[in-house]
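**Q** Generate coordinates for the entire structure from the input sequences, incorporating the hints supplied.
Protein chains in written order, with the working numbering: chain X, 1 to 138; chain B, 1 to 138; chain A, 1 to 246; chain D, 1 to 246.
FYI, nobody ran anything at the bench for these hints, they're computed from the structure.
It cannot be assumed that every hint is accurate.
In silico DMTMM-like links for lysine to aspartate or glutamate, alpha-carbon gap of 25 Å or less [said to hold, decoys possible]:
| hint | chain 1 | residue 1 | chain 2 | residue 2 |
| --- | --- | --- | --- | --- |
| 1 | X | Lys40 | X | Glu95 |
| 2 | X | Lys49 | A | Asp3 |
| 3 | A | Lys188 | D | Glu212 |
| 4 | X | Lys41 | X | Asp60 |
| 5 | D | Lys188 | A | Asp216 |
| 6 | D | Lys121 | B | Asp55 |
| 7 | A | Lys188 | D | Glu189 |
| 8 | B | Lys40 | D | Glu75 |
| 9 | X | Lys41 | A | Asp3 |
| 10 | X | Lys49 | A | Glu14 |
Given the structure is predicted, the values throughout are model-derived calculations rather than measurements.
Residues per chain are reported as follows:
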Amino acid sequence: MHEFALAESVVRATLQTAESEGMTAVTRVVVQVGELQQIKKDVFEFALKQVHSDDPRLADTVLVVEIVPARFSCRVCEHGFTLAETGEHDADAKEAIHFVPELAHAFMRCPACGSPDFEVAEGRGVGIASIEGERPDA
Amino acid sequence: MHEFALAESVVRATLQTAESEGMTAVTRVVVQVGELQQIKKDVFEFALKQVHSDDPRLADTVLVVEIVPARFSCRVCEHGFTLAETGEHDADAKEAIHFVPELAHAFMRCPACGSPDFEVAEGRGVGIASIEGERPDA
Amino acid sequence: MLDPRRAAVDARLEGVKRIVAVTGGKGGIGKSFVSSALALASARAGRATGLLDLDFTSPSDHVILGFETGFPTEEFGIDPADHHGIRCMSIAHFAGDAPVPMRGDDVTNALLELLAITRWKELDLLVIDMPPGIGDAALDAMRLLGRAEYVVVAGSSRVVLESVRRTVRLLQDVRVPILGIVENMRRKEDDGVRRLAEAQGLPVLGTVDFDETLEDALGDLDRLAATTAVRSLAAALLPVVFPAGR
Amino acid sequence: MLDPRRAAVDARLEGVKRIVAVTGGKGGIGKSFVSSALALASARAGRATGLLDLDFTSPSDHVILGFETGFPTEEFGIDPADHHGIRCMSIAHFAGDAPVPMRGDDVTNALLELLAITRWKELDLLVIDMPPGIGDAALDAMRLLGRAEYVVVAGSSRVVLESVRRTVRLLQDVRVPILGIVENMRRKEDDGVRRLAEAQGLPVLGTVDFDETLEDALGDLDRLAATTAVRSLAAALLPVVFPAGR
Ligand SMILES: Nc1ncnc2c1ncn2[C@@H]1O[C@H](COP(=O)(O)OP(=O)(O)O)[C@@H](O)[C@H]1O
Ligand SMILES: Nc1ncnc2c1ncn2[C@@H]1O[C@H](COP(=O)(O)OP(=O)(O)O)[C@@H](O)[C@H]1O
Ligand SMILES: [Mg+2]
Ligand SMILES: [Mg+2]
Ligand SMILES: [Mg+2]
Ligand SMILES: [Mg+2]
Ligand code: NI
Ligand code: NI
Ligand SMILES: [Zn+2]
Ligand SMILES: [Zn+2]
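**A** Following this line, the structure appears as structure tokens:
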């Protein structure tokens, strides 16, 4: 469950933003989770709730977790591909990529030319798409 | 005058594009030259004319050379700056950057924080912005 | 898109009293040996010690210290496995012996991810085996590990000296604190490293001779700790990292 | 924006009969020594020879062969200076001894620029001293130098072997031709390199012992050419690079 560490990062970053933007309450946070990292949405939602700091600004926050499909693009042959097209991977490869998505380059290959030199164009890991909140002056 | 080598690259790339797009004549090529590389516009125009291959498709090509101002952005302190703001550089530094613009990282520093870890956001080297031509079917 | 990991990095290192980053010029100079030996000596001196191998291309600390590279346990993050008192983290834990060809952005991402999820907890010393070169990995490590103090490994070959000189200039340019220089793999009397150190205004913290017995001791902590190489390295660095009474 | 440099790279290498790229695992293994020694031996065998140092972080060939690092002459591009029959190109020609901290994109750009403007003209052999690591520099060099054949430098330390194994696996993954492995800096009999080569189905092209006299010969071509190290390297590689009758 290293999802807790990621969830905690999201909460910290949210509070930093709330602080710097002078929010008195955070109403909505949209978190995007890349398909590549294979984080289970419910596990992450659970983790986010657990680490939901006791900061009052987070008391009524609506949390939206969206999974972003992974898209790859090969630097050698320019082929674009999806996660499914990279084939089946063994449990160790999946676990490694779950921890550090860049390990895709150790375990996945371009289905067209076999190169490990591809770009993860989308759907890598955890990002915060938006943070909405209330400001005293608004 | 290594401008000739760059000019020749432009001509080669132009002919490759003409070939792959089935152009019978290239009417207009817009080349953008980054300020950082300090290539003199007239020298480059002269070089381009000299290497203007005897390919008939280039016989009446209008060549436009535009200088693109350099813009830098520091990765450490996020300061954005221009070439002028990096101060005066000695002849060797200028010459090195003229050959390989990335040597800016050896000789220039962020004027705000002193770091060499900045991005050349624009105005690096030579690029072809557009190639227009006539096709038999057009 | 806001990257939440940056917010976590400092928090993950909150319980670490001191961060010593071992760098040098080119590869093969002994950065991994010095990092591993320092971590070993620190642990044997009773200090809570961590070791982070940031060479994603050729991780070596697991070979030198002989720690297992299976997946670390997950516990509200990942928990660096304890190897006889040294808490170790390396890309080899995840990649095994597969090559990990990564471009600059990938390196930045992998580094951020590791720093954001690894829970070092309370440490007296975290040793960072710095990535070779002065590209994305090294620049990001310097940027993200703001509290690190640097030890520069040098050797007396002219090839090595030229590259160490470049590295020191870069460290000075980016204004990180440099503890000093360690001369490694000395084969004969030579003052190249001392002169470089003087020219840059840095102390030579110690000299480690080339040690014929080191290779056979790799992976065996007791034998390693007894080598002349590890003992001279410990004598050079422990007093600097843990000054008397601290 | 279309990058015109890609179109030039192949043209610039048109007159080059053979491209041999020297790679290895970690740094310090002897890639620059092997590259420089091969170029030296080739030139002394009367072949038109070029040497391109692609280690932008720690360029070393100019130290080993002692060539000047002033700006090369411009002549419809840049003209690699002739150094006693070896036409040499290195980032050191431009950067002098300043460190060149570059991120991945910068490395890609600098590499493309160098390849697009350097006029090698007619060469029997161009030796590429490959960038260390398996990041942008190495991946781009492999991508852009499509005709290169690889020589892998290895050593018998366990630390080195593990990293060489990773490199060989990557070369095989990207399907570039591998001429074979050279064992360098051997200090004692040991079959680690031979076993690695067998396991990967590659020939061991030769073994170069650690040579105490090499350091003092650096920068002096006559002394270098007379060292045991350079002579055994030449004996190992010249027959492969220039098979009898070619
Ligand atoms: N003082 C020493 N005596 C003998 N061998 C050494 C010494 N220091 C390092 N080595 C060996 O030299 C090789 C390169 O050292 P390493 O620490 O891996 O360098 P780096 O991390 O800088 O690439 C390894 O095989 C290592 O065991
Ligand atoms: N066979 C050898 N005998 C003695 N010293 C060597 C030998 N091969 C390389 N060296 C020395 O080892 C150091 C590292 O070699 P180098 O070629 O720079 O490695 P790399 O390019 O792989 O980083 C240099 O000081 C070099 O002179
Ligand atoms: Mg990527
Ligand atoms: Mg840049
Ligand atoms: Mg190392
Ligand atoms: Mg080298
Ligand atoms: Ni997990
Ligand atoms: Ni010029
Ligand atoms: Zn592909
Ligand atoms: Zn700055």
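**Q** Are the hints correct? Go through all of them and say.
**A** How the hints compare with the structure:
{"no.": "1", "hint": "X/Lys40 to X/Glu95", "in the structure": "holds, 13 Å"}
{"no.": "2", "hint": "X/Lys49 to A/Asp3", "in the structure": "holds, 19 Å"}
{"no.": "3", "hint": "A/Lys188 to D/Glu212", "in the structure": "holds, 10 Å"}
{"no.": "4", "hint": "X/Lys41 to X/Asp60", "in the structure": "holds, 20 Å"}
{"no.": "5", "hint": "D/Lys188 to A/Asp216", "in the structure": "holds, 12 Å"}
{"no.": "6", "hint": "D/Lys121 to B/Asp55", "in the structure": "holds, 23 Å"}
{"no.": "7", "hint": "A/Lys188 to D/Glu189", "in the structure": "holds, 23 Å"}
{"no.": "8", "hint": "B/Lys40 to D/Glu75", "in the structure": "holds, 17 Å"}
{"no.": "9", "hint": "X/Lys41 to A/Asp3", "in the structure": "holds, 18 Å"}
{"no.": "10", "hint": "X/Lys49 to A/Glu14", "in the structure": "holds, 23 Å"}
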